[in-house]
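With the sequences and hints as input, model every part of the structure.
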Amino acid sequence: MIKIQVRTAKRKEMIDITQIISDVVKKNSVNSGICMVFVPHTTCGLTINENADPSVQADILSSTKRLVPENATYSHLEGNSDAHIQSTLVGHSILLIIEKGTIQLGTWQGVFLCEFDGPRTREVWIQILK
Amino acid sequence: MIKIQVRTAKRKEMIDITQIISDVVKKNSVNSGICMVFVPHTTCGLTINENADPSVQADILSSTKRLVPENATYSHLEGNSDAHIQSTLVGHSILLIIEKGTIQLGTWQGVFLCEFDGPRTREVWIQILK
Amino acid sequence: MIKIQVRTAKRKEMIDITQIISDVVKKNSVNSGICMVFVPHTTCGLTINENADPSVQADILSSTKRLVPENATYSHLEGNSDAHIQSTLVGHSILLIIEKGTIQLGTWQGVFLCEFDGPRTREVWIQILK
Numbered sequence: 042m043i044k045i046q047v048r049t050a051k052r053k054e055m056i057d058i059t060q061i062i063s064d065v066v067k068k069n070s071v072n073s074g075i076c077m078v079f080v081p082h083t084t085c086g087l088t089i090n091e092n093a094d095p096s097v098q099a100d101i102l103s104s105t106k107r108l109v110p111e112n113a114t115y116s117h118l119e120g121n122s123d124a125h126i127q128s129t130l131v132g133h134s135i136l137l138i139i140e141k142g143t144i145q146l147g148t149w150q151g152v153f154l155c156e157f158d159g160p161r162t163r164e165v166w167i168q169i170l171k
Numbered sequence: 042m043i044k045i046q047v048r049t050a051k052r053k054e055m056i057d058i059t060q061i062i063s064d065v066v067k068k069n070s071v072n073s074g075i076c077m078v079f080v081p082h083t084t085c086g087l088t089i090n091e092n093a094d095p096s097v098q099a100d101i102l103s104s105t106k107r108l109v110p111e112n113a114t115y116s117h118l119e120g121n122s123d124a125h126i127q128s129t130l131v132g133h134s135i136l137l138i139i140e141k142g143t144i145q146l147g148t149w150q151g152v153f154l155c156e157f158d159g160p161r162t163r164e165v166w167i168q169i170l171k
Numbered sequence: 042m043i044k045i046q047v048r049t050a051k052r053k054e055m056i057d058i059t060q061i062i063s064d065v066v067k068k069n070s071v072n073s074g075i076c077m078v079f080v081p082h083t084t085c086g087l088t089i090n091e092n093a094d095p096s097v098q099a100d101i102l103s104s105t106k107r108l109v110p111e112n113a114t115y116s117h118l119e120g121n122s123d124a125h126i127q128s129t130l131v132g133h134s135i136l137l138i139i140e141k142g143t144i145q146l147g148t149w150q151g152v153f154l155c156e157f158d159g160p161r162t163r164e165v166w167i168q169i170l171k
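Chains as they are written, first to last, in the numbering used here: chain A, 42 to 171; chain B, 42 to 171; chain C, 42 to 171.
Hints are computed from structural coordinates only; laboratory data are not their basis.
Please read all numbers here as calculations on a predicted model, not as lab measurements.
Heads up, some of the hints might be wrong.
Any copy, or any two copies together, can satisfy a pair, since identical chains are not distinguished.
To be verified - List of simulated lysine-lysine pairs, BS3-like, C-alpha gap at most 27 Å: (1) Lys51 x Lys171; (2) Lys67 x Lys171; (3) Lys51 x Lys141; (4) Lys51 x Lys68; (5) Lys67 x Lys51; (6) Lys67 x Lys141; (7) Lys68 x Lys171; (8) Lys44 x Lys171; (9) Lys106 x Lys67; (10) Lys106 x Lys141; (11) Lys141 x Lys53; (12) Lys106 x Lys171.
Right, dumping it as structure tokens:
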């Protein structure tokens, strides 16, 4: 397992980590397999979406905020229940196919860490299987 | 990696691709392992749900439309922000267990491509690990 | 594949199955790999979230109920469309990294079966790849 750190700057933010994952996989010299990416946290998530127009990220963040508002009534008293729920909706891992030593993504796809309760230093764990 | 193409006919639609995946896995003669299915797109997704009563698919589509309406106010100007957000909520990959050369599903489970911005020709990528 | 059974007691409930998965992986003597956990059902799901304060589970359940109400208008006539939709939002599988024979989780993370249409006896399928 490879561990990397990602620093987030805002409470809600999507950070493109595609290049970091791509570099890790290239160094690992696995020709064909699967790359699993995992966040060991409960208030952030991982997703795949468009990395060309940043307005897509803005729309994803505004919609997840609208669906799960920060200031609704929650049982959990730390004030970040919205982030816990958003992380469950988005998910804590993504999977990528490796071919010819390279992660395979669609033309418009990037991999994003979705920060829902930042700013924090987050860990991203990468496991490669052949 | 095996690539297949799926043609969708509507803007929002769920297409049962269970048989396609099952056939690919059977041809691959892997006794025990994992089958990863991935869509290289940012406005469609993959899910598992009931394949007996088509009204379940209708309910999933109407609820995702209600949660993320097509005509809300979005930053992204291509008019398909709803589809980008729905794809992140549903996810871009699913995983199936392979035993005795066959994908293992529950009695009522099927694998569906969720088209959120069709009609289009979509690719589905399948990776098998033993 | 290892199959375990989990008994749920309520219609909506989150059950911590971290220890069960951890025990299965320890018995399997895989040093490094991936553990895939899957539910063969269409009205429950699997997620990772905080296992310290149970109020987080209460908030996840109340938010998924609010987003997809039990008594809205649905096509499916069995009265459990909310559960089908919630299972697609949460997902039917989770992935864990195995290192030194042990599943790797963050400090606050636990693995939960999300019952959306109980009480029932649910199966959880575990596949380990090295």
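For this session: Go through the numbered hints given earlier and state which of them the structure violates, listing their numbers in rising order.
Result: 1, 3, 4, 5, 9, 10, 11 and 12
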